[in-house]
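Q: Take a look at the letters that make up each chain.
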Amino acid sequence: MAEPFEPKLTAFVCNWCTYAGADLTGTSRIKYQANVRVIRLPCTGRIDFMMVLKAFARGSDGVIISGCHPNDCHYTSGNYHARRRWMVFRDLIDFVGIDLARVTFSWISAAEGAKWASLVNETTDRVRALGPYQEIGKLAAAGIE
Amino acid sequence: MATTTPNSYKPYLMRIAAITKEAPGVRTFRLEFADAGEGTAFRFATGQFGLYSAFGEGESTFCIASSPTRKGYIECTFRETGRVTASLADKDVGDIIGFRGPYGNVFPLERWQGKHLIFIAGGIALPPLRSVIWNCLDLRERFATMTVVYGARTVNDLVYKHELADWGKRPDMKLVVTVDPGGDEPGWTGKVGFVPHIVEQLAPTAANTVAIVCGPPIMIKLTLPVLAKLGFGKTEIYTTLENRMKCGLGKCGRCNTGRSFVCKDGPVYTLADLERLPAEY
Amino acid sequence: MVATMVDRLTLSDSAVDALVAALIRSGRRVLGPQLVRSQGQDRIDIAPLASFADLARDGQAVASAKGAVFPKVERLLHYRYAGKSIELADVEPASPPTVLFGVRPCEARAFAALQAVLNWDSEDKFFSHRLANTTVVAISCTEADASCFCTSVGSRPDDGQGSDILLCRLAHGGYLAKVATSRGQALVELGQGVFQALAAEPELAPAAALAPAFDAKTLPQKLAAHFDHPLWVEQSLRCLGCGACAFVCPTCACFSIEDEADSRQGQRLRTWDSCGLRLFTLHASGHNPRDRQSQRWRQRVYHKFAYYPDRFQTLGCVGCGKCSRACPVDMNLKQHLAEAARTLP
Amino acid sequence: MESLQRKAQELLAAGTVKLVIGYGEGTGVRRRPIFVRTGDQAGSLVLDPACTQNLATYLTKAEVRALGRTALVATPSTLRSILQLAAERQVREENLLALVPLAGTIKELTTFADIEAMVATLPDEIARADQEMLTQLGAMSVVERRAFWEKELGRCVKCYACRAACPMCYCERCTMDNNRPQWVPVASHALGNLEYHVVRAMHLAGRCVRCGTCGAACPHGIPIHLLTFASEGSVRRQFGQPGGASSRPTYALATFKPDDKEDFIR
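Residue numbers (the numbering used here), protein chains in the order written: chain H, 119 to 263; chain D, 164 to 444; chain P, 39 to 383; chain W, 138 to 403.
Keep in mind the hints are simulated off the structure, nothing from the lab.
The reader is advised that the hints may include incorrect statements.
[What the hints assert, rightly or not] Anything over 12 Å on all C-beta distances counts as not near chain H; from chain W, calculated:
no. : residue
1   : 201
2   : 202
3   : 280
4   : 281
5   : 371
[Claimed, not checked] Beyond 12 Å from chain D on every Cβ pair, some chain W residues (computed):
no. : residue
6   : 231
7   : 250
8   : 318
[Said to hold, decoys possible] Derived lysine to aspartate or glutamate pairs resembling DMTMM-like cross-links, with alpha carbons at most 20 Å apart:
no. : chain 1 : residue 1 : chain 2 : residue 2
9   : W       : 198       : P       : 272
10  : W       : 288       : P       : 130
11  : D       : 173       : P       : 130
12  : W       : 244       : W       : 267
13  : D       : 173       : P       : 128
14  : W       : 398       : H       : 209
Here a beta-carbon is modelled for each residue, glycine too, at the ideal position from N, C-alpha and C.
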């Protein structure tokens with residue numbers, strides 16, 4: 119019998135808020151689904167939009183991007199800049215046919231351990247229901263003879 | 164259906180046997196064939212080059228810096244400059260890299276028999292000459308006098324410092340090492356001055372002499388008139404080119420300069436050959 | 039492609055249709071020029087043919103057919119990291135038996151120029167293997183456009199060189215098939231009953247009329263003598279430095295080799311490249327032997343019309359004009375060469 | 138057309154400019170950029186509806202710059218490109234002037250302020266066919282759109298004609314040409330092509346003047362201009378800042394407002 123589908127999620131998070139928040143989830147002993155691989159970056163401003171595509175190309179079924187709440191950026195305005203880019207990037211990837219339901223954006227502070235757990239759980243459940251995502255991953259082998 | 168033609172793009176696997184840090188950013192690898200049988204069958208001649216792979220990053224072209232008279236290994240010396248060399252610089256002894264070669268033409272040692280040899284090199288361009296210098300030293304009785312003039316920007320930028328020390332002590336060759344003005348340091352016993360000036364001071368005789376010149380374009384440009392003044396003929400001056408290459412097989416078109424493929428017709432050229440090519444190198 | 043005695047046979051239009059069907063049935067990959075209408079614009083692509091009716095019999099495809107033997111991206115090597123070591127896997131080029139059906143005679147001639155550079159010294163396994171599995175059935179041209187210049191480079195619209203079979207249109211429908219090679223003969227045998235013996239001397243539809251604009255034979259000498267002529271700077275002023283000309287060119291063979299890898303494995307790919315791109319000759323040190331676009335334009339012209347004849351005794355150009363049609367700024371090669379032939383003493 | 142030729146002659150004769158970049162006759166019905174440096178070359182200048190290519194691309198080319206002060210035959214898109222280039226400090230006011238065909242005469246614009254004033258009066262619309270394509274694509278499901286772009290971008294050979302033809306792709310070393318790291322694959326396989334075109338569209342968002350020259354330059358007829366239209370459209374819709382409207386540096390993605398409105402961040 120085939121194994122039930124377990125989605126692979128990649129989370130790009132900022133060092134100062136969401137990563138600390140995810141840490142708090144653990145130290146608070148809040149359980150959440152283990153489908154997510156966390157990649158820590160200094161700031162949401164550092165999360166190059168292409169990382170979303172790279173994650174899908176390497177086999178992620180869903181992507182989470184999260185950082186400090188507006189006005190809380192460790193570097194003052196990295197998250198504001200990131201937000202503008204996301205606003206445009208979302209439109210663009212939707213236009214090229216990437217399913218937005220597979221990309222979750224969030225603000226999670228260092229104090230929001232519970233929010234991190236519920237974000238991961240909800241995203242995992244949603245992506246699990248959507249099924250595996252190979253639309254971008256399959257391109258990696260296409261067009262090479 | 165499998166083809167019988169070999170895949171010319173498949174490299175030998177080489178184990179890094181030793182790493183020498185020569186100068187800032189410059190390293191020498193001693194490479195041994197991972198497959199001993201391939202190593203035994205491998206032949207090259209001085210002047211030839213190869214493409215060295217850092218798997219995952221690509222290939223980069225360097226000369227073989229060791230002499231064919233030294234069996235069982237090859238050496239290459241490179242400066243960390245781009246994607247591949249940066250990755251190579253991260254490797255440790257025991258790591259595996261790729262090597263395709265030997266490619267290109269050779270220094271015509273048989274033509275030089277009985278002649279005086281003067282090698283003139285600048286900076287990171289000593290490695291291609293090191294192969295031929297060692298080759299000639301190992302066959303020392305075949306040549307008349309041997310002189311090496313080598314210059315670098317600073318004392319620290321000189322490569323093969325230990326070998327230079329050894330060469331300096333040999334009675335059967337003359338070594339002149341120089342650094343650019345301002346590049347010397349306390350205790351420096353070599354010369355201070357640019358290579359072309361040092362060659363001019365040295366004033367080697369052109370009669371029955373071959374000059375082998377390799378260095379940055381500006382050094383070559385200024386050294387050639389000096390040699391011409393000393394009476395060196397255009398077929399008695401040799402150099403080796405390093406164009407960008409991808410295949411090493413005369414196909415990819417990158418090193419194409421005039422009718423020449425540097426990877427096939429070069430890298431060794433006489434000044435007479437070079438003057439027939441457009442100056443696109 | 040070993041030339042044998044040219045066998046002359048005829049085919050009716052429906053017979054050609056049956057031949058294409060038989061080729062597809064035989065499991066061969068049948069590629070040919072097809073008209074594509076997209077976003078209100080027409081273009082001709084070289085693509086798998088489903089039937090003879092799909093074939094664009096006139097006009098030039100944007101891309102050349104070279105991709106069948108020299109793909110835009112092909113795998114040369116595969117490797118896996120195994121601890122400190124590397125496991126290398128050789129790659130066999132996957133090349134299904136292919137028929138290039140209904141391509142133009144200029145395209146057919148281009149394979150010899152590709153072969154000249156890719157196999158001149160050592161054999162290129164990937165290219166050779168694909169070429170050996172490819173049969174070329176060209177259709178002679180009855181139309182030429184303002185970019186065409188095959189007659190200036192020693193050819194003509196009904197040139198059979200490089201074709202295993204050349205189909206020439208008959209005045210009243212059907213084709214005369216000139217079967218020039220054993221590979222062509224194999225298709226004749228496959229299409230049993232499709233080809234008819236020649237009953238009488240056939241009346242051919244007139245081939246495209248195309249007056250030569252220059253004589254390419256005069257170029258090598260002129261170019262050799264005028265490397266530093268201001269003409270090259272002048273001609274290249276509007277050149278944008280993209281690779282469109284080289285990538286649609288049926289004879290351009292310059293390539294790059296690129297590694298792509300993740301933490302477990304990687305592959306070495308060969309990709310098309312172009313001497314028109316600045317990066318082509320750029321050294322990691324920053325030094326670039328051809329730093330200006332005029333030098334790169336000159337290289338393209340010289341490579342095809344001076345260095346090729348000198349080195350390989352053949353032109354690196356078949357006069358198809360694809361480069362001119364593809365150029366975003368209308369660098370018309372025919373005009374530029376005519377200008378060179380006219381103005382250089 | 139005659140008025141343009143006359144104007145070019147005057148400007149060159151007076152030494153006001155050293156170069157006039159305009160359109161000349163090309164192959165068949167095509168028009169091509171020409172570089173007029175003497176009065177007697179001015180007769181080759183052509184002006185008709187086929188003259189659509191955005192010539193502002195040449196303003197940042199070293200070989201062209203070296204020729205001296207330049208007059209540029211400008212379409213509305215060209216004017217916008219000049220402003221965007223000015224905003225990005227890529228052109229100097231004193232080095233160029235724009236020649237705008239207007240109701241049978243040639244209007245000469247010598248300052249960025251003049252150009253801004255004129256641009257403000259011009260309609261800023263994309264071609265109807267492009268608008269229809271955007272509408273069609275918008276009506277598709279995300280799966281259909283993926284299939285559409287997979288097919289279209291499958292033809293891309295990475296000749297970079299789109300990049301070379303775009304006035305805003307002036308970077309001396311494009312991110313595609315950097316390899317430490319090799320962020321976007323060099324090869325023109327399916328993934329390399331998608332990544333390249335997504336990067337290009339993002340880099341042009343807020344800077345694109347929607348001239349469509351990239352799409353027109355594509356030898357394989359891939360409607361890549363729709364990608365930049367989409368990203369530029371997103372900026373306009375959300376931040377109200379069209380590319381090429383002003384010579385002041387107002388790049389929408391280099392700034393922010395604390396109250397930028399979105400509805401997707403949880």
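Q: Which earlier hints can't be squared with this structure?
A: The structure breaks hints 3, 4, 5, 8, 10 and 12; every other hint is satisfied.
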